[in-house]
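Trainee: Protein sequences, first through last, are from chains W and Y. First residue of the first sequence: 1, per the working numbering; consecutive thereafter. First residue of the second sequence: 1, per the working numbering; consecutive thereafter.
Heads up, a few of these hints could be off.
Because identical chains share one entry, a pair is satisfied inside a single copy or across any pair of copies.
As the list claims (entries may be wrong) - Straight-line C-alpha distance at most 20 Å; calculated SDA-like pairs for lysine to any residue:
| id | residue 1 | residue 2 |
| --- | --- | --- |
| 1 | Lys359 | Gln322 |
| 2 | Lys106 | Leu213 |
| 3 | Lys345 | Ala317 |
| 4 | Lys298 | Ser107 |
| 5 | Lys106 | Leu218 |
| 6 | Lys84 | Leu218 |
| 7 | Lys106 | Ser215 |
| 8 | Lys357 | Gln347 |
| 9 | Lys110 | Glu211 |
The hints are simulated quantities; they were obtained by calculation from the structure and are not laboratory data.
2 protein chains.
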Amino acid sequence: MKGIVNFTPGPAQLYFTVEDHVRAAFKEGIPSLSHRTGEFEIISKRATVGVKELLGIPSDFHVFFTSSATEIWERSIQNLVANKSLHFVNGAFSKKYFEIAVQLGKSPKKIEAPAGFGFSMDIPAEEGVELIALTHNETSTGVSLPMNFINQFRDQFPDALIAVDAVSSLPYPQFDFSKIDSLFFSVQKGFGLPAGLGVWIVNDRCIAKSEELLSKGLSIGSYHNLPSLLQYGKKNQTPETPNVVGIYLLGKVVDDFLRRGIHIIRKETEYKAAILYKALSSNGLTSPFVADPAHQSKTVIVAQSGEHTENIAKHLAAEGLQAGEGYGDKKVSQLRFANFPAHSKEQFEKLVDELEKIK
Amino acid sequence: MKGIVNFTPGPAQLYFTVEDHVRAAFKEGIPSLSHRTGEFEIISKRATVGVKELLGIPSDFHVFFTSSATEIWERSIQNLVANKSLHFVNGAFSKKYFEIAVQLGKSPKKIEAPAGFGFSMDIPAEEGVELIALTHNETSTGVSLPMNFINQFRDQFPDALIAVDAVSSLPYPQFDFSKIDSLFFSVQKGFGLPAGLGVWIVNDRCIAKSEELLSKGLSIGSYHNLPSLLQYGKKNQTPETPNVVGIYLLGKVVDDFLRRGIHIIRKETEYKAAILYKALSSNGLTSPFVADPAHQSKTVIVAQSGEHTENIAKHLAAEGLQAGEGYGDKKVSQLRFANFPAHSKEQFEKLVDELEKIK
Numbered sequence: 001m002k003g004i005v006n007f008t009p010g011p012a013q014l015y016f017t018v019e020d021h022v023r024a025a026f027k028e029g030i031p032s033l034s035h036r037t038g039e040f041e042i043i044s045k046r047a048t049v050g051v052k053e054l055l056g057i058p059s060d061f062h063v064f065f066t067s068s069a070t071e072i073w074e075r076s077i078q079n080l081v082a083n084k085s086l087h088f089v090n091g092a093f094s095k096k097y098f099e100i101a102v103q104l105g106k107s108p109k110k111i112e113a114p115a116g117f118g119f120s121m122d123i124p125a126e127e128g129v130e131l132i133a134l135t136h137n138e139t140s141t142g143v144s145l146p147m148n149f150i151n152q153f154r155d156q157f158p159d160a161l162i163a164v165d166a167v168s169s170l171p172y173p174q175f176d177f178s179k180i181d182s183l184f185f186s187v188q189k190g191f192g193l194p195a196g197l198g199v200w201i202v203n204d205r206c207i208a209k210s211e212e213l214l215s216k217g218l219s220i221g222s223y224h225n226l227p228s229l230l231q232y233g234k235k236n237q238t239p240e241t242p243n244v245v246g247i248y249l250l251g252k253v254v255d256d257f258l259r260r261g262i263h264i265i266r267k268e269t270e271y272k273a274a275i276l277y278k279a280l281s282s283n284g285l286t287s288p289f290v291a292d293p294a295h296q297s298k299t300v301i302v303a304q305s306g307e308h309t310e311n312i313a314k315h316l317a318a319e320g321l322q323a324g325e326g327y328g329d330k331k332v333s334q335l336r337f338a339n340f341p342a343h344s345k346e347q348f349e350k351l352v353d354e355l356e357k358i359k
Numbered sequence: 001m002k003g004i005v006n007f008t009p010g011p012a013q014l015y016f017t018v019e020d021h022v023r024a025a026f027k028e029g030i031p032s033l034s035h036r037t038g039e040f041e042i043i044s045k046r047a048t049v050g051v052k053e054l055l056g057i058p059s060d061f062h063v064f065f066t067s068s069a070t071e072i073w074e075r076s077i078q079n080l081v082a083n084k085s086l087h088f089v090n091g092a093f094s095k096k097y098f099e100i101a102v103q104l105g106k107s108p109k110k111i112e113a114p115a116g117f118g119f120s121m122d123i124p125a126e127e128g129v130e131l132i133a134l135t136h137n138e139t140s141t142g143v144s145l146p147m148n149f150i151n152q153f154r155d156q157f158p159d160a161l162i163a164v165d166a167v168s169s170l171p172y173p174q175f176d177f178s179k180i181d182s183l184f185f186s187v188q189k190g191f192g193l194p195a196g197l198g199v200w201i202v203n204d205r206c207i208a209k210s211e212e213l214l215s216k217g218l219s220i221g222s223y224h225n226l227p228s229l230l231q232y233g234k235k236n237q238t239p240e241t242p243n244v245v246g247i248y249l250l251g252k253v254v255d256d257f258l259r260r261g262i263h264i265i266r267k268e269t270e271y272k273a274a275i276l277y278k279a280l281s282s283n284g285l286t287s288p289f290v291a292d293p294a295h296q297s298k299t300v301i302v303a304q305s306g307e308h309t310e311n312i313a314k315h316l317a318a319e320g321l322q323a324g325e326g327y328g329d330k331k332v333s334q335l336r337f338a339n340f341p342a343h344s345k346e347q348f349e350k351l352v353d354e355l356e357k358i359k
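In isolation and in its complexed conformation, chain W is listed as follows (with noise of 0.2 Å):
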């Protein structure tokens, strides 16, 4: 396995400082940590210190550790939502989270876009809702929400929570705390980690939100409701036994990312976005999925590479790239690539030039 780029969404190819953490961890007995010390309370406050520096969250925002993002939409619907979530739905996982609220009883409305493309900025009213569910970055299509379509909810929808799903695009974004009330990511996509860790960011309206439900008689679940992660976090501590490993490898490469500046990965995720996207355009064998360049993902980049899928997949992988297939049906006609920090500008520049050489 070593050797190879690994450009599938996630999980994804490791950080390159991974393994010596994980070295690290056995030295100084962190797998086998009670998560009742001070040592342990420690490690994770220097994580969740060490997310919010890097994506500049407000100190009003909590950040609470779940398995995954997929527990996530379970527990948001289930924290902040009584009856009415509005979801944006252009793809496998936009749909799965609106899916998750019908199954936990709630009454979800959705506004559906075509796979590949965004949604038009005129919302249609919409009374009562409660939670507005935004997925910043459709992993299955490569399309992403623009900043001024997350950012215009605020004031159409005052009452409303509004929640981004950025899995696979953290920590590439730079969000305004102003205009969102809830964030969430897993560890196994952008960071460039094992998978088995979740990370839930919210803010005291969330808070208070869960309490208000709570106070209706209504269920938010138990040990990883609101008040309880609030709780517990309040210590550093979580209510279960948590992926302590995962915690203290995720301070550790936030440390890495600070050290390397979020303003530098930042600028390279936008280059090699950038050559990559050319390369797509100007190959003649493939365009990018996404047409519209306002929509087009710059940390999850899908080809449109129909009956050539298969030699460009076979081309790239004796190069030792490896090309993440398509979404479902779209495995034979896509390929994607992740971009994440993981990946170095001389990986994308390989990647263009060899996608430039397939004829």
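Given chain W's structure and the hints, the job is docking chain Y onto it.
Mentor: Chain Y only, in chain W's frame:
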């Protein structure tokens, strides 16, 4: 941390092969392996088949992965109880299982025993019980339920499902699977693995009950409800991106246990427990907190050490033996000793020698 024997009941001493398995995992690319690949399915199947073989689980039971045993407390109540569960509470962890049922809006009943004691064999009649919730090994106090206690419920409550929390006792106990319907554990105790994975074993009666609740319009959760776990489990997959490395490591350690032989692990556990209980009774400074041998846990052994607690812990620490603290307010008056497969006979012999030296 290396060179110290950790007797804390969990997260506990790692099994001695774990670090090598982690190294191998990195070599094989497991930390960035997609959970939708055939390679993952093989790894996942190896872990579930191995667990079944190790614990003697019949073929009509299913083995599912969650993020923790705490999660299984929640999922088991959600999926198996419309209204009434009956909990046997004799410590902090059995109490939490009960409290989760309350939080989920059910009407659970409890039968309580004081800390350090088991339950009477005479169970009062109770109508409408859907789930009997048993904590095989109460980690906070070192009380274990005898097998004949567990096995009596099927006759008295033929319509109820019987769920056994065996978090801090497995792989030691041999359960009679005709007498129980669900069993669960987390990997950071007896399996000697890093925390972040729970294992939930259920039979078809449990699946049927969850489907019945669903058909009646009750919420049984979303991605981790039993029908969803079963749907993905049939393909040796999980609904969400799981702790892939954790599942890989579980399969590897279970293979190690199988090679060593469960019979030998059980015999050694009994030997180690016997010499430690004897030492606790005979050294003049301590006594077993659980007085009745029928209720003394073989895997979490609690010493009543009173005013000598700090001295004993210090003496042991100077010899590289880290005793577990007493639970909660017993921190100052008790010590806990995990007796897991990761603890060798020689380590227990040294522990016993040192306990006998303290005057």
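Trainee: Against this structure, judge whether each hint is valid.
Mentor: We went through each hint and held it up to the structure:
1. When the C-alpha separation of Lys359 and Gln322 is checked against a cutoff of 20 Å, the pair qualifies only within one copy, where the shortest distance is 19 Å, while the shortest distance between copies is 65 Å.
2. Proximity of Lys106 and Leu213 under a CA criterion of 20 Å is satisfied in both settings, with 13 Å inside one chain copy and 17 Å between copies.
3. For a Cα distance limit of 20 Å, the shortest separation of Lys345 from Ala317 inside one copy, 18 Å, qualifies, whereas the shortest one across copies, 50 Å, does not.
4. When the C-alpha separation of Lys298 and Ser107 is checked against a cutoff of 20 Å, the pair qualifies neither within a copy, at 33 Å, nor between copies, at 50 Å.
5. In this homomeric assembly, Lys106 and Leu218 come within 20 Å of each other (Cα to Cα) both inside a single copy, at 12 Å, and across copies, at 12 Å.
6. In the homo-oligomer, the alpha carbons of Lys84 and Leu218 lie at most 20 Å apart both inside one protomer (14 Å) and across protomers (18 Å), since each shortest distance falls under that limit.
7. Proximity of Lys106 and Ser215 under a CA criterion of 20 Å is satisfied in both settings, with 18 Å inside one chain copy and 16 Å between copies.
8. For the identical chains of this complex, Lys357 and Gln347 are intra-copy neighbours only, at 15 Å inside a copy versus 62 Å across copies, given an alpha-carbon limit of 20 Å.
9. For the identical chains of this complex, Lys110 and Glu211 are neighbours neither inside a copy (26 Å) nor across copies (27 Å), given an alpha-carbon limit of 20 Å.
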